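**Student:** Make a model of the complete structure from these sequences and hints.
Going letter by letter, the sequence shown gives residues 1 to 169 in this note's numbering.
In short, the hints are calculated from the structure, not lab data.
This one's a predicted model, so the numbers in the text were calculated from it and none came from an experiment.
Quick reminder that beta carbons are idealized off the backbone N, C-alpha and C, glycines included.
Misleading hints may appear alongside valid ones.
Here are the in silico distance ranges between beta carbons for each label pair [what the hints assert, rightly or not]: (1) Lys128 / Ala24: 20 to 28 Å; (2) Asp10 / Ala139: 16 to 24 Å; (3) Gln25 / Glu98: 16 to 24 Å; (4) Asp147 / Asn6: 36 to 44 Å.
The calculated lysine-lysine pairs, modelled on DSSO-like cross-linking and capped at a C-alpha distance of 27 Å, are [unchecked claim]: (5) Lys128 / Lys101; (6) Lys112 / Lys101; (7) Lys128 / Lys112.
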Amino acid sequence: MLTIRNAREDDVAVLTEIGLRAWAQAMGPIGGNEDIRNNAINAFSGFVQSSWLTIVVVEENGQPVGWAARENLDEVITDFWVDPDHQRRGIGSVLLQEMEKVIREQDFEMVKLETHALNNDAVSFFEKNGFHINWLSVAYSPKLDQDVQSVGMSKLLVESESGLYGAEF
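**Tutor:** The structure is reproduced here in structure tokens:
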């Protein structure tokens, strides 16, 4: 059974591990090395430790299996991670629906996020859930020593003038 809850301070280790496993899977097409992984460990641990109040956790049978964050408590989902061993089972959809509900309840009309353009699984997941790509950027990443493409995606959460939800066609 899936449940949604707010993160707790004692979740740091398990949420860091989930984030790292999901990040490593997403990094496959981009590449990386041990230094990058060490930086990621520090980044995940530091973020979860300092920002656990902004994190929503999805649990399966009482065990955390994914989490998402809104670092600035605005309409932007800054982190979205589902443990690779638990993907493609609806967990991400449940977590995303919760994030959208919270954002809508706080009177934001749109939800936004950014992901690596080469993370096809993530881009496809968000598109299947009503998101549209708004922009593509390429920036040099010193940590990866290569250009990295990112996409910005968004989804309208309120009814538009045409009576439809999402992007107008």
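**Student:** Look at each hint and say if it fits the structure.
**Tutor:** Comparing the hints with the structure gives:
For Lys128 paired with Ala24, a C-beta distance near 23 Å keeps the hint of 20 to 28 Å intact. At about 36 Å, the beta-carbon gap between Asp10 and Ala139 misses the expected band of 16 to 24 Å. For the pair Gln25 and Glu98, the beta carbons lie near 22 Å from each other, so the given range of 16 to 24 Å is met. In this structure, Asp147 and Asn6 meet the distance hint of 36 to 44 Å, their C-beta atoms being roughly 37 Å apart.
Distance restraint check for Lys128 and Lys101: the Cα-Cα separation of roughly 17 Å lies within the 27 Å cut-off, and the hinted pair is therefore satisfied. With a C-alpha separation of about 13 Å, the suggested pairing of Lys112 with Lys101 holds against the 27 Å cut-off. As the CA atoms of Lys128 and Lys112 are separated by approximately 15 Å, the hinted pair is consistent with the 27 Å bound.
Violation of the numbered hints given earlier is confined to hint 2; every other hint is satisfied by the structure.
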